Amino acid sequence: MSRLTELSIAEAGEGLKGGDFTAVELTEAHLAEIEAGAALNAFITTTPEAALKAAAHADERLQAGDAPALTGIPIANKDLFCTDGVQTTAASKILEGFTPQYESTITANLKAAGAISLGKTSLDEFAMGSSNETSAFGTVLNPWRDGDKTLVPGGSSGGSVAAVAGRMALGATGTDTGGSIRQPAAFTGTVGIKPTYGRCSRWGTVAFASSLDQAGPITRSVKDAAIMLEAMAGFDPKDSTSVNMPVPDWSGSLSPDMRGLKVGIPKEYALDGLSTEISALWEQGRDWLKQAGAEIVDVSLPNTSYALPTYYILAPAEASSNLARYDGVKYGLRVAEQGGSLIDMYEATRAAGFGPEVKRRIMIGTYVLSAGYYDAYYLKAQKVRTLIAQDFASAFERCDVILTPTAPSAAFAPGEKSNDPISMYLNDVFTVPASLAGLPGISVPAGLSAAGLPLGLQLLGRAFDEQTVLNAAAALEAAADFTAKPDAWWKA
Amino acid sequence: MSIDAATVRHVAHLARIKVNDEDVPALERELNSILSWVEQLSEIDTSDVEPMTSVEAMTLRQREDAVTDGDYAERVLANAPDAQFGFFAVPKVVE
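Protein chains in written order, with the numbering used here: chain A, 2 to 493; chain B, 2 to 96.
Careful, some of the hints might be misleading.
Stated by the list, open to error - Taking lysine-lysine and the BS3-like style, the derived pairs with C-alpha atoms no more than 25 Å apart in a straight line are: (1) B:19 with A:112; (2) A:263 with A:239; (3) A:94 with B:19; (4) A:384 with A:150; (5) A:268 with A:291; (6) A:268 with A:384; (7) A:418 with A:150; (8) B:19 with A:384; (9) A:94 with A:418.
In short, the hints are calculated from the structure, not lab data. These figures come from a predicted structure and were not determined experimentally.
Chain B extracted, bound-state conformation (with noise of 0.2 Å):
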């Protein structure tokens, strides 16, 4: 499997990342390379292998439903590049 430039772009706009027209030939280039590196893993036959999703053999700690945390809006919102009224603030969404 290799990739093309309209693939490098549309894997770019769903990272939400721009790139610019002139970056994509080196990311094509950099990416299939990768791409093709990693392609050895289909020599192993993994039909009856179960995929590994947890580490450490364990079961999700599950706790109270309850709020044990918070009140705290000024510390949650003291990074933030452009905060008003409590909120965090973001260029227009809808018209």
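So that you can see chain A by itself, here it is in the shape it has in the complex (with noise of 0.2 Å):
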């Protein structure tokens, strides 16, 4: 029954209405995948046993005629929302064994809605990377491969990416601190979308930097995204940032025709070095989109420049702040030496918990909020973070929807940007200004790379119109007809 692994979550959730197979049929399809690709090493934890279960009341609901949007649709969650009972890691060996006694506000809403959690993928360590090699459970590898080279599959999300491009779910979630959700999307052909700021709840979601933390899917297609993203969004009173306006009907409201909209090419992004691949992908998609109907129009975003190392002292200072909670106390790892001191638990345990890249994030963090340096940079931050969400503001009242390159480049080497912190933030240098400003992006896939790696395109919207980009993304999608897929190296 493999076939039943390459449906939308569209097409299956139509399957299952119709009769023609059973979640059941459906989840265990799935399951057998994941044994099957085992070694792109995707799941840090898995629950056959409880998506079975699932499975079979699903079931029962849709002979009841009782079913949700999502009623028998297998998924996959990222390892950093908190599951009730099931173990949560956020990849680090801090948590290792942690067991929530609660579940997240995205994961309880999925269920909710019907759908099935095969398990836990992996991640960066607390989301903190763009390669998915900070992970303390191992690399995952993408399933794309450059001939026999095997490569990232992006971060952070990455176990969420190489499950959906995989075909071990239909579906998984992820979530975007600077990139990552897209960044993983374009590096393996799937589509990623971060909502607005404030659209999903992060109640329950293991916190890396609050104010750019955002909860989104990752999919085959522009309209599961769509449907995914309706049953995980919505209003919380658990989550103080939490916006409460209705959740559109982004998937019945689907339209590919751009006539009438305006796209906005920032020429800022327009890199020195950057690739003739990826500018003349982005040029194609100006075309599809102009081909759909839109009208194109040169927009400016000036301080573009400026928004990775704005994002560098933002995102390192709130998670220092986040992750002071990893003490050994509460939950996790604890070392203490016998005779020891509290301080010198602290300390020991989260020496021996951290893995270098999130020591360095939480030592940067502390350093910029340290005093007598925190108004040169966590203030002056703040303040460029003001330009960077004004420069969009000027840009959307002339444009209605900004087209982008997802990712400076196709996938990488696991090694090959590890060794300088700096080169693997660049990955992040398309997609962060639009988290700083709060504001929706998705990442289409629209092409292969010389050597036949998937190249996405990003999407950019104004606050609260993930329709518009829905829409631009549905218009990309048909154009640009992405039907490669990885050929299943790991089975052999």
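Join the two chains into one complex using the hints; note that each chain is given alone, in its own frame.
Right, here's the structure in full:
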């Protein structure tokens, strides 16, 4: 029944309601792919028994005609969402064995919509990374390869994109702080959307940088992204920055017709040294949207080049504060020498539990918040963040949606960038600005590189205008007709 | 602004992360390279700019000051490395 794992969420939903196959069959097909895909290391924890039990229950609901949107749809959840009774690690040694006693709002919403969780996917430790190499549970491999050379899936939601691209789940949850949904989606030929800040509740999601963190879905089609996001989004009184607005019927209103819409092309994104491959794809995207009826306009986002340094002050600052809770007292790892003090225990636990990138960011964050440096770094970055948000506000007076590349390159090999933090950070050069402004963004697979690897285009929209972002994405999707898929080498 | 070995040790202590002596030079190098990279923000004149403190223009919601949750100490303690008598247990703080 491997055919079942090729379906979109929309098709699978139809098939389930029409009785073409059962939720148990659909779930079994995906569990078999997870087993066959162990070499990709996409999952930290799988929950096959719970999934099959939920699938049997879904079949009863389908029979009874009481089936919400995602009933019986098998998905994977990034191991950053707390799941009641199921280990949640954030891919860190410091949380190994942590078994939440509660469910995050995002996973609870998906469960309430009928989705079946197959397990928890790997990520960069505490979502800090762009390659999945910082996971304490081993590097995740991209289902796509460059000949015989294995590649990273991007990050931080690397396990989620690998699961979706590798046909191990119909969709997966991710989180995006500076590009952690969009960049890995681009690296794996999948669709990934980060909604407007405040759309998705952060409650029960392991916090990295709270003013930036947003959950979103990773799928194989734009319509699936809309369907899944509808289930995830919504007001949550338990998150003080959750926005009390109705969730639109994004999937029902999806339209690739771009007539009457203006697409902005920000000139500052044409970086010096941008590969001709990426420039050509961007050009192609512009033509496709024009053919779909859009008017193309030039826009300017003058502070773009300051977005990454701003982000690498603000995100570590917030992280240093959020990660102070991992101290060996309440949960997770404790390292305490006999007769040592409480402070000794904190320091030893955190030294043993955090990986090098997490330590680096906590220390940068601690430094920029420390007495004497707060104004020079943190306050300065908050002010530049205002300027970056103002850039977008001005640009959206001239256009309805902005088109850019998602990432400056296709997927790279493990080890290629991990020795130089800044070269790794540059992966997020196109995704970070919209994160700082809190705006919705999507990555759509748009073509293949010369080496045959997927490349993505990014669309950015006004706050709470996910519909235009999704519609433009649907237009790109229709024009690009991206049907390439990885050759399942991991099963050989 | 560049930081020296003593600052690395001080920051590590503030962050409650034990750093071995042999790891200090590498950290000093990495932190300085990141800090000199973010230094470019000083090029921008922000004298008339308000810092962004909230992503969306919103006022923080308030709620009734009432108990709405609780009474499950065993669940709160379920993941504690050491819990005794209904409390988190830690090494002795006061002699």
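How the hints compare with the structure:
Restraint check for residue 19 of chain B and residue 112 of chain A: not satisfied, since their Cα atoms lie roughly 41 Å apart, outside the 25 Å limit. For the suggested pair residue 263 of chain A and residue 239 of chain A, the alpha carbons sit about 37 Å apart, so the restraint of at most 25 Å is broken. Straight-line distance between C-alpha atoms of residue 94 of chain A and residue 19 of chain B comes to about 16 Å, which keeps the hinted pair within the 25 Å bound. The hinted pair formed by residue 384 of chain A and residue 150 of chain A fails the criterion: a straight-line CA distance of about 43 Å is larger than 25 Å.
Restraint check for residue 268 of chain A and residue 291 of chain A: satisfied, since their Cα atoms lie roughly 18 Å apart, inside the 25 Å limit. At roughly 23 Å between alpha-carbon atoms, residue 268 of chain A and residue 384 of chain A fall within 25 Å of each other, so this suggested pair holds. Under the criterion of a C-alpha separation no larger than 25 Å, the hint pairing residue 418 of chain A with residue 150 of chain A is consistent with the structure, at around 15 Å. Among the hinted pairs, residue 19 of chain B with residue 384 of chain A is inconsistent with the structure: their alpha-carbon atoms are about 33 Å apart, more than 25 Å.
Of the pairs offered as hints, the one joining residue 94 of chain A and residue 418 of chain A holds, with about 23 Å between alpha carbons and a cut-off of 25 Å not exceeded.
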